[in-house]
Structure formats: C-alpha cells, structure tokens
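Asks: Model the full assembly from the supplied sequences, consistent with the hints where possible.
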Amino acid sequence: MACEMCGSRLEKKRGLTKHFCSECKLVRRSSSHALSMENTEFRESRRLRAEVRRSDPEFQERAAKYQREHRKQKHIAEAQRAYGKARRQTAEGKAEHRQAERKRRALKVSQVGEWPKKTALEIEQMLWQEQKGLCVFCKKNMERRDFHMDHYVPLIRGGKHCITNVVLTCSACNLSKHTKTGKEFIEHLESI
Numbered sequence: 001m002a003c004e005m006c007g008s009r010l011e012k013k014r015g016l017t018k019h020f021c022s023e024c025k026l027v028r029r030s031s032s033h034a035l036s037m038e039n040t041e042f043r044e045s046r047r048l049r050a051e052v053r054r055s056d057p058e059f060q061e062r063a064a065k066y067q068r069e070h071r072k073q074k075h076i077a078e079a080q081r082a083y084g085k086a087r088r089q090t091a092e093g094k095a096e097h098r099q100a101e102r103k104r105r106a107l108k109v110s111q112v113g114e115w116p117k118k119t120a121l122e123i124e125q126m127l128w129q130e131q132k133g134l135c136v137f138c139k140k141n142m143e144r145r146d147f148h149m150d151h152y153v154p155l156i157r158g159g160k161h162c163i164t165n166v167v168l169t170c171s172a173c174n175l176s177k178h179t180k181t182g183k184e185f186i187e188h189l190e191s192i
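UniProt numbering numbers the first residue of the sequence shown as 1 and each following residue consecutively.
If you're looking for bench data, these hints aren't it; they were derived computationally from the structure. All C-beta atoms, glycine included, are put in the ideal place defined by N, C-alpha and C. Don't take every hint at face value.
Straight-line distance between alpha carbons at most 30 angstroms, and here's what the computed DSBU-like set of lysine-lysine pairs gives [unchecked claim]:
no.	residue 1	residue 2
1	K183	K103
2	K183	K139
3	K160	K180
4	K117	K103
5	K94	K72
6	K160	K139
7	K132	K160
8	K74	K139
9	K108	K85
Label-pair ranges, simulated between beta-carbon atoms [to be verified]:
no.	residue 1	residue 2	range
10	D146	P57	43 to 51 angstroms
11	H75	R104	25 to 33 angstroms
12	H148	Q99	18 to 26 angstroms
13	R98	C6	47 to 55 angstroms
14	G93	M149	22 to 30 angstroms
15	S171	E44	45 to 53 angstroms
Replies: Right, dumping it as structure tokens:
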C-alpha cells in the first residue's frame with residue numbers, strides 16, 4: 001500500500017488499513033485543526049452537540065448498547081477465525097478436528113430417520129420444488145447453487161437426520177443460524 005498524499009510505501013498492521021504515513025498524518029491533523037480553530041461556528045456547534053449528548057440519558061444508553069453489541073462482534077469473529085486457522089495447522093489441532101468429525105458423524109448416524117431411496121441431488125431438487133426456490137427462513141430467492149441443506153431442528157438439539165427435518169436455506173441464513181431451531185431462528189429474524 002502507498003500513502004495517499006506522498007506515495008511512500010506503508011506496511012499493513014493487524015488487518016488495519018493505513019491511508020497516510022505518519023508525516024502526512026501530522027500535516028492533515030494540523031491543517032484540519034487550524035481550520036476548525038478559525039471556524040467559530042463549527043467549534044460552537046460541536047460543543048453544543050457534545051453537551052446535548054452528555055445530558056441526554058436516552059442517547060447515552062442507546063450509544064452504550066450499540067457499542068456493546070457491535071464493538072466486540074467483528075474483532076471477536078476475526079480473532080476466532082485466525083486462531084482456528086492457526087490451530088488447525090498444528091498436530092494437536094488436526095487431531096481435535098478429526099475427533100470432532102468422528103463425533104459429528106456418529107451423532108448423525110445415531111439420529112438417522114427415514115430417507116427416500118433417492119440421490120442427494122434428487123432430494124435437493126425435490127426440496128427446491130417444494131420451497132419454490134425460496135429460503136425457508138428469510139423467504140428470499142436462492143441461486144440454483146448458492147444454498148445449503150440444513151436441519152430444521154439441529155442434530156445437537158435432538159433433531160433427526162431425516163427428510164422431514166431437512167430444508168434448503170440461503171447460505172447467509174444457514175451460516176448465522178448456529179444451533180437455533182428453525183422456529184427460534186425465524187423469531188430471531190423477525191426481531192431484527
């Protein structure tokens with residue numbers, strides 16, 4: 001990457017994107033500071049906005065809630081992905097992954113219900129026609145290849161691995177559903 005002002009080379013640190021080198025950053029700060037010091041209207045409006053925010057408990061509560069919910073989510077997800085990726089490269093991590101896969105397959109086998117004598121592709125086509133190409137949760141049109149087969153009641157929550165418990169979902173819904181049942185996830189979507 002290069003500085004947007006002088007073009008000097010920048011190094012990327014921990015996923016953060018830098019746009020200016022340290023010298024250019026100082027120049028930008030000092031020029032914007034000088035402009036704001038000259039503009040008394042700007043300073044006064046900024047002071048009043050800050051005063052209103054400090055005195056409004058509803059605003060404070062809303063801001064605190066937003067920060068609690070959003071500040072952690074992105075960083076936690078990124079850190080977990082990085083940790084998981086690094087962990088899977090170690091011998092111990094590979095062994096844990098194999099064990100988890102064995103456990104998942106055993107769970108799936110122990111909860112097998114009735115399946116029609118059809119191939120996976122035929123089952124997908126049957127579900128696609130039943131659902132008219134719509135995601136069972138968000139009701140959006142799915143692309144022909146951008147869908148997941150999902151258990152309406154997750155295996156971990158006692159659902160069976162059978163045709164009556166399998167639905168087609170868009171990838172966004174399936175990847176954000178986690179261990180919620182279909183009913184719980186629909187309620188979650190409606191509350192957003």
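Asks: Determine whether the Cβ-Cβ distance between H75 and R104 falls within the hinted range of 25 to 33 angstroms.
Replies: Given about 28 angstroms between the Cβ atoms, the range holds.
Asks: Assuming the hint says 22 to 30 angstroms, is it satisfied by the Cβ distance from G93 to M149 or not?
Replies: holds (27 angstroms)
Asks: With 43 to 51 angstroms as the target window, see if D146 and P57 comply at their CB atoms.
Replies: holds (45 angstroms)
Asks: Can the restraint linking K160 and K139 be considered satisfied, given a maximum Cα separation of 30 angstroms?
Replies: With a Cα-Cα distance of about 24 angstroms, the restraint between K160 and K139 holds, given a limit of 30 angstroms.
Asks: Would the hint linking K132 and K160 be met if the CA-CA limit is 30 angstroms?
Replies: holds (24 angstroms)
Asks: Is the straight-line distance between the alpha-carbon of K94 and that of K72 30 angstroms or less?
Replies: Between K94 and K72 the Cα gap is close to 28 angstroms, so the pair holds against 30 angstroms.
Asks: Between the alpha carbons of K74 and K139, is the straight-line distance 30 angstroms or under?
Replies: It holds: about 26 angstroms lies between the C-alpha atoms, which stays within 30 angstroms.
Asks: Within a Cα-Cα threshold of 30 angstroms, do K117 and K103 meet the stated pairing?
Replies: holds (26 angstroms)
Asks: Look at the Cβ atoms of S171 and E44 and judge whether their distance stays inside 45 to 53 angstroms.
Replies: Once the Cβ atoms are compared, 50 angstroms apart, the range 45 to 53 angstroms for E44 and S171 holds.
Asks: Compare the distance between the alpha carbons of K183 and K103 with 30 angstroms, and conclude whether the hinted pair is satisfied.
Replies: At roughly 26 angstroms apart (the allowed maximum being 30 angstroms), K103 and K183 satisfy the hint.
Asks: State, for the Cβ atoms of R98 and C6, whether the hinted interval 47 to 55 angstroms holds or is violated.
Replies: holds (51 angstroms)
Asks: Go ahead and decide if the range 18 to 26 angstroms is satisfied by the Cβ distance of H148 to Q99.
Replies: holds (24 angstroms)
Of the hints listed earlier, there is not a single one the structure fails to meet.
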